[in-house]
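In the order they appear, the protein sequences are chains A and B. Take 0 as the starting number for the first sequence in numbering that gives the first Met the number 0 and just add one per residue. Take 0 as the starting number for the second sequence in numbering that gives the first Met the number 0 and just add one per residue.
Treat the hints with care, since some could be wrong.
Unchecked claim - Short, incomplete list of chain A residues facing chain B, as computed with Cβ under 10 Å:
(1) L125
(2) E173
(3) G180
(4) E183
(5) R291
(6) R344
Stated by the list, open to error - The calculated label-pair distances, taken between Cβ atoms and stated as ranges, are:
(7) A311(A) - A283(B): 51 to 61 Å
(8) A77(B) - R97(A): 38 to 48 Å
(9) D57(B) - R225(A): 18 to 28 Å
(10) R401(A) - S8(B): 54 to 64 Å
(11) S8(B) - P425(A): 21 to 31 Å
(12) L290(A) - G305(B): 52 to 62 Å
(13) C216(A) - D57(B): 22 to 32 Å
(14) L96(A) - P226(B): 50 to 60 Å
(15) S210(B) - C216(A): 32 to 42 Å
(16) P425(A) - A352(B): 32 to 42 Å
(17) R97(A) - S183(B): 25 to 35 Å
Hints listed in this document are in silico derivations from the structure and should not be mistaken for laboratory results. This one's a predicted model, so the numbers in the text were calculated from it and none came from an experiment. Idealized CB from N, CA, C, for every residue including glycine.
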Amino acid sequence: MPADALRRLSAILPADRLLWQPAHLAAYQSDALTAFQSPPLAVAIPETADEVIALVRACHAGRLPFVARGSGTSLSGGSLPVKGGIVIALNRLNRILRLDPAERIAVVEPGVINLAVTAAAAPHGLHYAPDPSSQSICTIGGNVAFNSGGAHCLKYGMTSNHVLGLRAVLATGEVVEFGGGRREQIGPDWCGLFTGHEGLFGIALEITLQLLPRAECFHTVLAGYRTLEQAGDAVSAIVASGLLPGAIEIMDALALEAAKAAVHADYPPHCEAVLIVELEGPREAVAADRLRLDALLAASQPVEARPARNPAERLAIWKGRKSAFSAVGRLSPDFIVQDGVVPRRRLGEALRRIGKFSREAGLRCANVFHAGDGNLHPLILYNGRNPGELGRAEALAGRILRLCVDMGGSITGEHGIGVEKRDYLPAMFSSDEIDCLRRIRAAFDPLGIANPGKMFPGGEAPALHAHGPHPLERAGVISRE
Amino acid sequence: MKTVVTPTSTAELIEAVRSAPRVLAFGAGTKPRLSQVDDNVLGISTVGLSSLLEYEPDEYTFTALAGTPLRDLTAVLAEKRQYLPFDPPLAAAGATLGGTVAAGLSGPGRLRYGGVRDFILGIRFVDGSGRDLRLGGKVVKNAAGFDLPKFLVGSLGRLGVITELTFKVFPRPASTLTLRLPVSDPERAVTLFEALGSGRWEVEAADLPPSADAVYVRLAGPEGTLPLIARELLAHGSGDTLEPSVATTFWANLQAQAWSAPGNSLHKIALRPREAPALLQQVAAMGGQVHLSSAGCLAWVALPAGSDAGRLGLQALTLRGSGPLFSGRAAEPEIARAIKFALDPVDRFPGFA
Ligand SMILES: Cc1cc2nc3c(=O)[nH]c(=O)nc-3n(C[C@H](O)[C@H](O)[C@H](O)COP(=O)(O)OP(=O)(O)OC[C@H]3O[C@@H](n4cnc5c(N)ncnc54)[C@H](O)[C@@H]3O)c2cc1C
Numbered sequence: 000m001p002a003d004a005l006r007r008l009s010a011i012l013p014a015d016r017l018l019w020q021p022a023h024l025a026a027y028q029s030d031a032l033t034a035f036q037s038p039p040l041a042v043a044i045p046e047t048a049d050e051v052i053a054l055v056r057a058c059h060a061g062r063l064p065f066v067a068r069g070s071g072t073s074l075s076g077g078s079l080p081v082k083g084g085i086v087i088a089l090n091r092l093n094r095i096l097r098l099d100p101a102e103r104i105a106v107v108e109p110g111v112i113n114l115a116v117t118a119a120a121a122p123h124g125l126h127y128a129p130d131p132s133s134q135s136i137c138t139i140g141g142n143v144a145f146n147s148g149g150a151h152c153l154k155y156g157m158t159s160n161h162v163l164g165l166r167a168v169l170a171t172g173e174v175v176e177f178g179g180g181r182r183e184q185i186g187p188d189w190c191g192l193f194t195g196h197e198g199l200f201g202i203a204l205e206i207t208l209q210l211l212p213r214a215e216c217f218h219t220v221l222a223g224y225r226t227l228e229q230a231g232d233a234v235s236a237i238v239a240s241g242l243l244p245g246a247i248e249i250m251d252a253l254a255l256e257a258a259k260a261a262v263h264a265d266y267p268p269h270c271e272a273v274l275i276v277e278l279e280g281p282r283e284a285v286a287a288d289r290l291r292l293d294a295l296l297a298a299s300q301p302v303e304a305r306p307a308r309n310p311a312e313r314l315a316i317w318k319g320r321k322s323a324f325s326a327v328g329r330l331s332p333d334f335i336v337q338d339g340v341v342p343r344r345r346l347g348e349a350l351r352r353i354g355k356f357s358r359e360a361g362l363r364c365a366n367v368f369h370a371g372d373g374n375l376h377p378l379i380l381y382n383g384r385n386p387g388e389l390g391r392a393e394a395l396a397g398r399i400l401r402l403c404v405d406m407g408g409s410i411t412g413e414h415g416i417g418v419e420k421r422d423y424l425p426a427m428f429s430s431d432e433i434d435c436l437r438r439i440r441a442a443f444d445p446l447g448i449a450n451p452g453k454m455f456p457g458g459e460a461p462a463l464h465a466h467g468p469h470p471l472e473r474a475g476v477i478s479r480e
Numbered sequence: 000m001k002t003v004v005t006p007t008s009t010a011e012l013i014e015a016v017r018s019a020p021r022v023l024a025f026g027a028g029t030k031p032r033l034s035q036v037d038d039n040v041l042g043i044s045t046v047g048l049s050s051l052l053e054y055e056p057d058e059y060t061f062t063a064l065a066g067t068p069l070r071d072l073t074a075v076l077a078e079k080r081q082y083l084p085f086d087p088p089l090a091a092a093g094a095t096l097g098g099t100v101a102a103g104l105s106g107p108g109r110l111r112y113g114g115v116r117d118f119i120l121g122i123r124f125v126d127g128s129g130r131d132l133r134l135g136g137k138v139v140k141n142a143a144g145f146d147l148p149k150f151l152v153g154s155l156g157r158l159g160v161i162t163e164l165t166f167k168v169f170p171r172p173a174s175t176l177t178l179r180l181p182v183s184d185p186e187r188a189v190t191l192f193e194a195l196g197s198g199r200w201e202v203e204a205a206d207l208p209p210s211a212d213a214v215y216v217r218l219a220g221p222e223g224t225l226p227l228i229a230r231e232l233l234a235h236g237s238g239d240t241l242e243p244s245v246a247t248t249f250w251a252n253l254q255a256q257a258w259s260a261p262g263n264s265l266h267k268i269a270l271r272p273r274e275a276p277a278l279l280q281q282v283a284a285m286g287g288q289v290h291l292s293s294a295g296c297l298a299w300v301a302l303p304a305g306s307d308a309g310r311l312g313l314q315a316l317t318l319r320g321s322g323p324l325f326s327g328r329a330a331e332p333e334i335a336r337a338i339k340f341a342l343d344p345v346d347r348f349p350g351f352a
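Working from the sequences, and respecting the hints, build out all of it.
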């Protein structure tokens, strides 16, 4: 590590919180998308917001790239270190600063684990709604950066629907407060803009989250089907019925096999797909809606439909579902997870074509997905030690992404673009639109030091000038069109 | 603005934006203060851009042109038993979808599932350089690119001209029931708001209308279940249930802001429930009126003409009247200037003043 950069940082942090020896850096050289690895120059481990601010300002002064890191569970290379840059690890900023049960808000530091918010809120009958499958390890800072979702987005939305306020240090060193922790706002929605920034604007220091009352009652049903198509048809029938379940999820045969092996989940035999539907709400409403749901499911010809009879059975259903990613990991040395979205009515068609692509590529592909949102999660299994397999896996992933765009959907529903999908951004947006996104990025980070090389295809274009037109622009000599 | 053009296609609108050095779009004009700007600004009316372009009930999404009146949209959604749960205000007066987004306004129903920002999915807009941009998406979930659709909620046409919007909708609950729960003073209203917000009932709306001595609570859910829930809410006091037709009129009047005299200025305030009692007192002292909405997270305040909303000490947006657009807000951070420049490098749109 260059001596002057190290000197600057070591003025901020004691030696034991500034790692730079290769053995210490190894743990940080990738995120959950392990196909990409790159050791950082150093890892800074701040313990307070002031230290983070000082670090970012030092990076700005020295044009030193930085990557904020929560728990490193990004599936798109979002927290992959950048060449010649440092990692700012935020796990030690893990205090819940305030929890106000009457107002139903929690103010947390970015390194707080997602599930810890719900744990702290639970004694008050409240919970934090966004529930990514990684919720027991991922951080709120990471969730905010990626606008993370989960199984319960259909009814209550993603992270951004629950962020009411933010204090952040921008890549320029400016410290800002957005939103003020109120449910309504006056003026443009800065919290909305910051959520989903993929680490490209700066570092969130303090986040005000909205808490919701825990639903009084749940009705969770697991239904097994002989074909994926039948499971998909059941989803359409539920949606068309006017019911609004909290979650509608599907797992295919390969994912079921994995969950069985990993957490001894028990599924109906000979099923190519399992559907999980959960109603939630006041007991009177759930009692009425469950009759309709049970009738719809019965009519959808499942091999078997099993309602959870008690909270333990409900938890078991969710444990199987939420373990699916890591469980699939046991089936294969390596995997890539895709996260494209298609219109719900085209789910069946999308899955059929993904199956075809996967056979053509000669790679297995498991599907576990948020069917209610049309958000697919094909897990492409490969072995990185076999020459050429990673390349084939990436090519298959690319075909799937294009399919999602062609069907009128999106290349990512909740995992973000990161490094992995940056070359596909132009499949969704025109060059003017990407230029607009780049200008927004440059306004927050004119030097391009916050997580550079992510989200945008190719290299980063340096900012022309972020504060006021360039003199030549004003004179009409150059323009940005 | 002195000159106004009314384009009838998106292409014409883009042309209009490019045609003048200073422009501002406006919809039906139901929030007149938002478009009170200098004479040299060309007004672009969006009322000629009214059309529901796509509606996919099974996807819970629609895409409409910015000038489409809310009342037309809600009527089409109602045919398929769907709705925009946040009750966009001023629908009956002709408010447009684009104006609602640009103003950032939500009604009583925002309590249950969130406001206009929580249902917007995609946006098409023209930036200050005259570029035609689509950001966000058309499916219910999408995390590609920065969330410009959300950012432009509340942007008042000062960062871009919105031409088209994609929204998420929900199935409409089969029945609703409105209760009137008397409260003796504002503190009790706040306590009730807090209890309703953290309760098991999934209340859809909880509002304290101007000069009322009761909180009106709207329940929504499957047929036959609401009387059971209502019984519990009514058990501890002298409240009662509104006749369905009375309830419909009651909410329609609130949504139309029928209570605020046209001569008064009208303001939206982003509130914390606990700030409500002081606000009520202050507004009364100024001779105005308050409608507390969404369990005290939102206040609509009417003040006699010429009053200074800044005296309320809360973040406020002026919708009608002559005061400043914003009051009670901290000084703009440096980043606000940088973003304005990123979207409008030639200062084609007016500032937030
Ligand atoms: C088994 C498994 C299951 C998963 N399931 C889901 C799921 O259901 N839904 C879902 O949406 N995602 C899921 N994910 C993806 C991942 O967990 C989320 O993206 C999560 O939000 C990342 O959190 P993290 O703390 O690990 O962040 P990291 O991976 O450390 O960082 C993610 C991004 O956030 C940035 N960042 C981190 N902290 C900050 C901060 N304070 N300020 C600014 N930027 C910051 C980083 O620079 C990076 O770009 C899953 C991942 C795994 C491994």
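Against the structure, the hints come out as follows:
{"no.": "1", "hint": "L125", "verdict": "holds, 7 Å"}
{"no.": "2", "hint": "E173", "verdict": "holds, 5 Å"}
{"no.": "3", "hint": "G180", "verdict": "holds, 8 Å"}
{"no.": "4", "hint": "E183", "verdict": "holds, 4 Å"}
{"no.": "5", "hint": "R291", "verdict": "holds, 8 Å"}
{"no.": "6", "hint": "R344", "verdict": "holds, 5 Å"}
{"no.": "7", "hint": "A311(A) - A283(B): 51 to 61 Å", "verdict": "holds, 54 Å"}
{"no.": "8", "hint": "A77(B) - R97(A): 38 to 48 Å", "verdict": "holds, 42 Å"}
{"no.": "9", "hint": "D57(B) - R225(A): 18 to 28 Å", "verdict": "holds, 24 Å"}
{"no.": "10", "hint": "R401(A) - S8(B): 54 to 64 Å", "verdict": "violated, 31 Å"}
{"no.": "11", "hint": "S8(B) - P425(A): 21 to 31 Å", "verdict": "holds, 27 Å"}
{"no.": "12", "hint": "L290(A) - G305(B): 52 to 62 Å", "verdict": "holds, 59 Å"}
{"no.": "13", "hint": "C216(A) - D57(B): 22 to 32 Å", "verdict": "holds, 27 Å"}
{"no.": "14", "hint": "L96(A) - P226(B): 50 to 60 Å", "verdict": "violated, 42 Å"}
{"no.": "15", "hint": "S210(B) - C216(A): 32 to 42 Å", "verdict": "holds, 38 Å"}
{"no.": "16", "hint": "P425(A) - A352(B): 32 to 42 Å", "verdict": "holds, 38 Å"}
{"no.": "17", "hint": "R97(A) - S183(B): 25 to 35 Å", "verdict": "holds, 30 Å"}
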